[in-house]
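S.K.: One letter stands for each residue in the lines below.
Number of protein chains: 2
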Amino acid sequence: MCELLALNANTPTDMGFSFRGLSRRGGATGEHADGWGLASFTPGGHGLTLLREEAPAAFSVLADQLAERSPKALVSIAHIRKATRGVVALENCHPFSRCWGGQTWVFAHNGDLQGAIPLGDHHRPFGSTDSETAFCWILEQLEQAGVNPQNPGALFDQLHHCAAQLAERGTFNALISNGQWLFATATSKLHWLTRRAPFCKATLADLPLQVDFSAVTTANDVVAILSTEPLTTDEHWQPFQAGESLLFCGGQVIHRSRHGVRPVPIPARSQPAPAHEVP
Amino acid sequence: MCELLALNANTPTDMGFSFRGLSRRGGATGEHADGWGLASFTPGGHGLTLLREEAPAAFSVLADQLAERSPKALVSIAHIRKATRGVVALENCHPFSRCWGGQTWVFAHNGDLQGAIPLGDHHRPFGSTDSETAFCWILEQLEQAGVNPQNPGALFDQLHHCAAQLAERGTFNALISNGQWLFATATSKLHWLTRRAPFCKATLADLPLQVDFSAVTTANDVVAILSTEPLTTDEHWQPFQAGESLLFCGGQVIHRSRHGVRPVPIPARSQPAPAHEVP
Numbered sequence: 001m002c003e004l005l006a007l008n009a010n011t012p013t014d015m016g017f018s019f020r021g022l023s024r025r026g027g028a029t030g031e032h033a034d035g036w037g038l039a040s041f042t043p044g045g046h047g048l049t050l051l052r053e054e055a056p057a058a059f060s061v062l063a064d065q066l067a068e069r070s071p072k073a074l075v076s077i078a079h080i081r082k083a084t085r086g087v088v089a090l091e092n093c094h095p096f097s098r099c100w101g102g103q104t105w106v107f108a109h110n111g112d113l114q115g116a117i118p119l120g121d122h123h124r125p126f127g128s129t130d131s132e133t134a135f136c137w138i139l140e141q142l143e144q145a146g147v148n149p150q151n152p153g154a155l156f157d158q159l160h161h162c163a164a165q166l167a168e169r170g171t172f173n174a175l176i177s178n179g180q181w182l183f184a185t186a187t188s189k190l191h192w193l194t195r196r197a198p199f200c201k202a203t204l205a206d207l208p209l210q211v212d213f214s215a216v217t218t219a220n221d222v223v224a225i226l227s228t229e230p231l232t233t234d235e236h237w238q239p240f241q242a243g244e245s246l247l248f249c250g251g252q253v254i255h256r257s258r259h260g261v262r263p264v265p266i267p268a269r270s271q272p273a274p275a276h277e278v279p
Numbered sequence: 001m002c003e004l005l006a007l008n009a010n011t012p013t014d015m016g017f018s019f020r021g022l023s024r025r026g027g028a029t030g031e032h033a034d035g036w037g038l039a040s041f042t043p044g045g046h047g048l049t050l051l052r053e054e055a056p057a058a059f060s061v062l063a064d065q066l067a068e069r070s071p072k073a074l075v076s077i078a079h080i081r082k083a084t085r086g087v088v089a090l091e092n093c094h095p096f097s098r099c100w101g102g103q104t105w106v107f108a109h110n111g112d113l114q115g116a117i118p119l120g121d122h123h124r125p126f127g128s129t130d131s132e133t134a135f136c137w138i139l140e141q142l143e144q145a146g147v148n149p150q151n152p153g154a155l156f157d158q159l160h161h162c163a164a165q166l167a168e169r170g171t172f173n174a175l176i177s178n179g180q181w182l183f184a185t186a187t188s189k190l191h192w193l194t195r196r197a198p199f200c201k202a203t204l205a206d207l208p209l210q211v212d213f214s215a216v217t218t219a220n221d222v223v224a225i226l227s228t229e230p231l232t233t234d235e236h237w238q239p240f241q242a243g244e245s246l247l248f249c250g251g252q253v254i255h256r257s258r259h260g261v262r263p264v265p266i267p268a269r270s271q272p273a274p275a276h277e278v279p
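Chains as they are written, first to last, in our numbering: chain A, 1 to 279; chain B, 1 to 279.
Do not rely on the hints blindly, as some may be mistaken.
The list makes no distinction among identical chains, and a pair is therefore deemed to hold if it is satisfied within one copy or across any two copies.
Straight-line C-alpha distance at most 25 angstroms; calculated SDA-like pairs for lysine to any residue [unchecked claim]: (1) K189 <-> Q144; (2) K72 <-> R124; (3) K72 <-> P198; (4) K189 <-> P12; (5) K201 <-> D157; (6) K189 <-> R69; (7) K72 <-> R258; (8) K72 <-> S128; (9) K72 <-> S60; (10) K72 <-> V61; (11) K72 <-> V87; (12) K72 <-> F59; (13) K189 <-> D121; (14) K72 <-> I117; (15) K201 <-> N148; (16) K189 <-> E168; (17) K72 <-> A89; (18) K201 <-> H236; (19) K72 <-> G146; (20) K201 <-> V87; (21) K201 <-> R124; (22) K72 <-> F126; (23) K72 <-> V88; (24) K189 <-> V216; (25) K72 <-> S214.
Simulated from the structure, these hints should not be mistaken for laboratory data.
With the sequences and hints as input, model every part of the structure.
M.R.: This is the structure we're talking about:
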């Protein structure tokens, strides 16, 4: 399985510490060695950094340098990939990015979706993952519903509705953002925490590395971190409930809902199914 | 002054060799040490790589690694920055990216534009450069003209018309692409060449590095390289004429036009002008 990581903060904040921990799982302390990616929106949402590599993050000088010089952002999303049924290729590495509603949207997924996802004409996958197809399908739904991305309530409702529908096809732990809001949803595994004053020390689970956040923050900073598995050993990580979706803004949860998670039906296949993966 | 670099090819091609040469000018063989950026569109236009850093490219491990692992792309655009009047900051590093017409557009500029550029509501700059403002203005013009980005002739005409208008404000050497087409325009300095069979050796001007392209290409490959100053010492670089615009696709020039370059008027300033730079 793949692993997800995200940051949402009320002040531009780098994700270097967390990304360093996640990277170790990309081939060293974890088996997610088939690619990695990191997307960061600088404040304003226009200064996107987006880098992906079809190589193990744990041994990538590029990933190491990006951890060292991680851009300060209000929203960052990272992913390390373990391909089980899809090919190892750059176009299959997450996060994926697309334009919709005049904004850049970024998406990363951990899970496995069964069956062919129906697509319209506006958004088509370039790679061969069920994840990118699901992302294209979500953007089609937002478009068809006429959602205003400036309206966080409407956006959350539609994204949560999409998540519930995709959850019927399998495991759908996912992150999506336009740099303003961070939407996160889980059917099986995702954790989160909020760092705020009084800030403490935190120690990575995958590397002998500790940071004293009180030395690098101000009293008003609020920073949410989301990760498939807890990244630190001395902080209180909260698990997502199965079917739960959260919308983050400024490091805080501003919308929250939960759908029922049904057992995944085994689809009847009359023709060869498209290549799937367990991202 | 800043320097520009671009690649357009008919087969996915990495820009590592040329980017290595350009990077040296970012603080070692050249004075453009205030930031760098590289954007690459993977085939299909959706797998964007976009990385910028407010540091000298010549001494950046991140730039070095990106040269080493430069993604194979149909279009890549890079920039090294020398800020003379703007601040050194990530949001002022080129290439800039924006969504328009459901596609991601990338822009880089070398020059200096006088006076306030009028903007609409859809595209606003985040940083403080005249370059990003010009990019936003161009996208507004494309939108207002109702240009179909799938129509290269109409796109070229509108972009060339925009270039002519911006050239009235000063120096406008620029690159813009959506991953399908590469538009390049110059008022003062830009060079280009096409590499095709029979491929030869090429030697960088800024680094003792030579590549034998016949060993890394096929007979059908066509690759255009654009650069502010010639990057190699043993190839035939063609200068852009003042006011000339070219549209590249598949490594070939498919549209070409030239406008008159008028002297730049000195604007009357009744209030403090916004920060400018010579990118």
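S.K.: If a hint holds in the structure, say so; if it does not, say that too.
M.R.: A quick look at each hint next to the structure:
For the homomeric pair K189 and Q144, neither the shortest alpha-carbon distance inside one copy (29 angstroms) nor that between copies (46 angstroms) is at most 25 angstroms. In this homomeric assembly, K72 and R124 come within 25 angstroms of each other (Cα to Cα) only across copies, at 21 angstroms, whereas the closest approach inside a single copy is 31 angstroms. For the identical chains of this complex, K72 and P198 are intra-copy neighbours only, at 21 angstroms inside a copy versus 47 angstroms across copies, given an alpha-carbon limit of 25 angstroms. For the identical chains of this complex, K189 and P12 are neighbours neither inside a copy (27 angstroms) nor across copies (37 angstroms), given an alpha-carbon limit of 25 angstroms.
With identical chains, the CA atoms of K201 and D157 are never at most 25 angstroms apart, being 36 angstroms at best within one copy and 58 angstroms at best between copies. With identical chains, the CA atoms of K189 and R69 are never at most 25 angstroms apart, being 29 angstroms at best within one copy and 33 angstroms at best between copies. Taking the shortest alpha-carbon separations for K72 and R258, neither the intra-copy value of 31 angstroms nor the inter-copy value of 42 angstroms comes in at or below 25 angstroms. Taking the closest pair of Cα atoms, K72 and S128 come within 25 angstroms of each other only across two copies (18 angstroms); inside a single copy the shortest separation is 32 angstroms, beyond that limit.
In this assembly of identical chains, K72 and S60 lie within 25 angstroms of each other by CA distance both inside one copy and across copies; the values are 21 angstroms within and 18 angstroms between. Both within a single protomer and between protomers do K72 and V61 lie at most 25 angstroms apart by alpha-carbon distance, with minima of 20 angstroms and 19 angstroms respectively. For a Cα distance limit of 25 angstroms, the shortest separation of K72 from V87 across copies, 17 angstroms, qualifies, whereas the shortest one inside one copy, 32 angstroms, does not. With identical chains, the CA atoms of K72 and F59 are at most 25 angstroms apart both within one copy (23 angstroms) and between copies (21 angstroms).
Taking the shortest alpha-carbon separations for K189 and D121, neither the intra-copy value of 32 angstroms nor the inter-copy value of 41 angstroms comes in at or below 25 angstroms. Neither within a single protomer nor between protomers do K72 and I117 lie at most 25 angstroms apart by alpha-carbon distance, with minima of 36 angstroms and 29 angstroms respectively. In the homo-oligomer, the alpha carbons of K201 and N148 never lie at most 25 angstroms apart, since the shortest distance is 40 angstroms inside one protomer and 54 angstroms across protomers. Only within a single protomer do K189 and E168 lie at most 25 angstroms apart by alpha-carbon distance; the minimum there is 16 angstroms, versus 57 angstroms between protomers.
Proximity of K72 to A89 under the C-alpha cut-off of 25 angstroms is restricted to the inter-copy arrangement: shortest distance 12 angstroms between copies versus 28 angstroms within a copy. Proximity of K201 and H236 under a CA criterion of 25 angstroms is satisfied intra-copy only: 12 angstroms inside one chain copy versus 59 angstroms between copies. Proximity of K72 and G146 under a CA criterion of 25 angstroms is satisfied in neither setting, with 32 angstroms inside one chain copy and 36 angstroms between copies. With identical chains, the CA atoms of K201 and V87 are never at most 25 angstroms apart, being 40 angstroms at best within one copy and 34 angstroms at best between copies.
Proximity of K201 and R124 under a CA criterion of 25 angstroms is satisfied in neither setting, with 44 angstroms inside one chain copy and 39 angstroms between copies. When the C-alpha separation of K72 and F126 is checked against a cutoff of 25 angstroms, the pair qualifies only between copies, where the shortest distance is 15 angstroms, while the shortest distance within a copy is 29 angstroms. Taking identical chains as interchangeable, the C-alpha atoms of K72 and V88 lie at most 25 angstroms apart only when they sit on different chains, with a minimum of 15 angstroms there against 29 angstroms within one chain. Taking identical chains as interchangeable, the C-alpha atoms of K189 and V216 are never at most 25 angstroms apart, the minima being 30 angstroms within one chain and 45 angstroms between chains.
In this homomeric assembly, K72 and S214 come within 25 angstroms of each other (Cα to Cα) only inside a single copy, at 17 angstroms, whereas the closest approach across copies is 43 angstroms.
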